[in-house]
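**Q** Now for the letters of each chain:
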Amino acid sequence: MADTAIRTKDQTPTIEGMAEGMAKPAGALDARLAALNLPQQGGFSARARQDALGRLRAMGLPGPRDEYWRYTDPRGFNAPVPQALPIPHADETPLFDGLDKLTLVFVDGAFDEAASDDLALDGVEIATLAQADTVGSWAADLYGVLESAGQTPVKRPFAALNTAAARDGVLIRVTRTPSRPIHVVHRRGATDADAMWHHVIRVEQGAELTLLETGMSGARSNGVIEVDVARGGKFHHVASKRAVDPKVGISHVFARIASQAQFKSFTLSVNGTVMRNEAVIDIAGDDAVAHIAAAVLGDGEQAPFHHDDTVFITHGAERCESRQVFKKVLKNGATGVFQGKILVKPGAQKTDGYQISQALLLDERSQFLAKPELEIYADDVKCSHGSTTGAIDDEALFYLRSRGVPRERAIVFLVLSFLADALAEVEDEGLRDRIYERLDVWLTLNAVH
Amino acid sequence: MLKIDNLHVKLEEEDKQILKGLSLEVPAGQVHAIMGPNGSGKSTLSYVLSGRDGYVVTEGTATLDGDSLLDMEPEERAAAGLFLAFQYPVEIPGVGNMTFLRTALNAQRKARGQDELSSGDFLKLVRAKAADLQISPDMLKRPVNVGFSGGEKKRNEILQMAMLEPRMCIMDETDSGLDVDAMRLVSDGVNALRSPDRSFLVITHYQRLLNHIQPDVVHIMADGRIVTSGGPELALQVEQEGYGDLLAEAR
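Sequence order for the protein chains is G and F. Counted from 1, the first sequence has number 278 at position 278 by UniProt numbering; the numbering is strictly sequential. Counted from 1, the second sequence has number 9 at position 9 by UniProt numbering; the numbering is strictly sequential.
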């Protein structure tokens, strides 16, 4: 199924997205920035914020002519303020309830101390960005640094905007593997909140961290996570984002991975209106591993659904492995987008790069737009990509029904079956089972016919 | 038990008649075999009876204990006691064999107004029946039919049959792709299920399966209808002489 295509160029990579259409009337950006009330006081992040603002002004807000915004309308992100949305009633048990973990709650991007656990975990330094900004932090070396590096060759204006404007987030430095995962919970507070948060994570040599993330914040949200994994370190990220309202959100992960280190990220996304998740992963050390996966359920019935995963993985070292596994289930006119790139730099020999993006369309009105890209400057590599769009398999559906499984239930089975490869990227079996159970409930409630 | 009368079936997508007035009756407790050359409509018959899309019944009836099968959804037919063992069982990655089986069993029980089986009771039952068919606990845990050999898939079909306890079992070339040992396991599994209130319709190309599963009646099917019926000796005759003479006689 995964067709293999290897393209080798001998010129240097072009700077994509810069050449055309990036310059917008300054008015729109000024209006966007004016509505943000940028932090004024000088903390450890002050210089990075100034720098990000300068970069943002240079690149401007995106327009539909920008190469990486061709499939996704940026207007919802460009608008000075979000459209107010009522706060939905939370009617189900949070996904990771009952797990032994350290919970940090953010309301519209601001840390909620009263609702959170104490910031104490053996082997881990935890601070909030808002507090640390006044006293200084190890994170000064990383804040905005990985984001800035990730702006080449593709511009990511909303990440620069976030670095300039985000007031809070969590700074996590892991020196020794902690006994339990850290769980960041996002909640909504005000109906018109334009939520922003910026996390910085450093996993020191040989240490390991599991970061769980659930919930949504703001009527509009913009998140950045910068992750630096030192030699032999391991970072696991499991996120579940479910919008029960027609919200607009963008998230960015910027990761730098040292030799023999591991980065594994899985995101479950359910509904919302326009959601875009960007991941920029720089595999900088030999023998490192980076996996990124997502399972997306999109229903356009209540509100238009548009979900965009934009991934850029750079292999800059030898014998590294990367995997991108993206699966989207779309119905009622929902749109799925996948833009995934593997860049293999000169000298990154023995690279093993894999990318698959697949959509399961539950009706003929839904669509999937995929743009897989490989750019390879080393001659001894293995890279493959594949993309498919399909419907429910009639043969499998009949098989299940012929055993007495009702049609609706059989379709739930087949949707779960379709998502299985993405879910398999969740290494921890207990977490994976929880996600399966939750998906099962959601799919059953939102009976797909 | 199963009564098919003057069944005419065409393909939905094209104007091609497959079954042309097929009539057949399988009384309770009996095993009937259907043999016939390629393209005679044997598999179509099994699909139409179990409710697969893509076929249009233009004339005739098919009933299970008097209830019309043709008006029911596939899952309703299953709950009514019909089972089709597939020629090519389908692989379903990501769905555990046991989860599937338990869902199917409990959905059928629910449809019949019976209590659902608890997971403990289900587990006990499935382990015992799997052991009889030499299906390992590992195979039960794996996704449905994924990574199963041809023989394992067929044994898994018989396990489903044993768990779901249908009254009317249709077996579509269950012997295809089986080695001698697997054929014996499958046959033993089927024979263990034979009872006065359960019937079988065994579709096969080869007489050798019928050495293991002794039929009461053998039907020869050609060009969309039953052309002749007889005892087990009819299968032997086909094995020795082919279909040529039989079909010529019937004309």
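A couple of the hints might just be wrong.
To be verified - To be clear about the criterion: a stretch of chain F counts as covered by chain G if any three or more of its residues have a C-beta under 8 angstroms from a C-beta of chain G, and this derived list gives those stretches:
no.	region
1	33–46
2	102–113
As the list claims (entries may be wrong) - Just the calculated beta-carbon pair ranges, DEER-fashion:
no.	chain 1	residue 1	chain 2	residue 2	range
3	F	Pro196	G	Arg432	42 to 52 angstroms
4	G	Glu427	F	Gln114	55 to 65 angstroms
5	F	Asp138	G	Asp97	26 to 36 angstroms
6	G	Asp97	F	Thr58	52 to 62 angstroms
7	G	His89	F	Pro196	54 to 64 angstroms
Worth flagging that the hints you see were computed from the coordinates, not collected in a lab. All C-beta atoms in this analysis are idealised placements derived from N, C-alpha and C, irrespective of residue type, glycine included.
**Q** Determine for every hint whether it applies to the structure shown.
**A** Results for each hint:
{"no.": "1", "hint": "33–46", "result": "violated (count 0)"}
{"no.": "2", "hint": "102–113", "result": "holds (count 6)"}
{"no.": "3", "hint": "F:Pro196 / G:Arg432: 42 to 52 angstroms", "result": "holds, 47 angstroms"}
{"no.": "4", "hint": "G:Glu427 / F:Gln114: 55 to 65 angstroms", "result": "violated, 40 angstroms"}
{"no.": "5", "hint": "F:Asp138 / G:Asp97: 26 to 36 angstroms", "result": "holds, 32 angstroms"}
{"no.": "6", "hint": "G:Asp97 / F:Thr58: 52 to 62 angstroms", "result": "holds, 57 angstroms"}
{"no.": "7", "hint": "G:His89 / F:Pro196: 54 to 64 angstroms", "result": "holds, 58 angstroms"}
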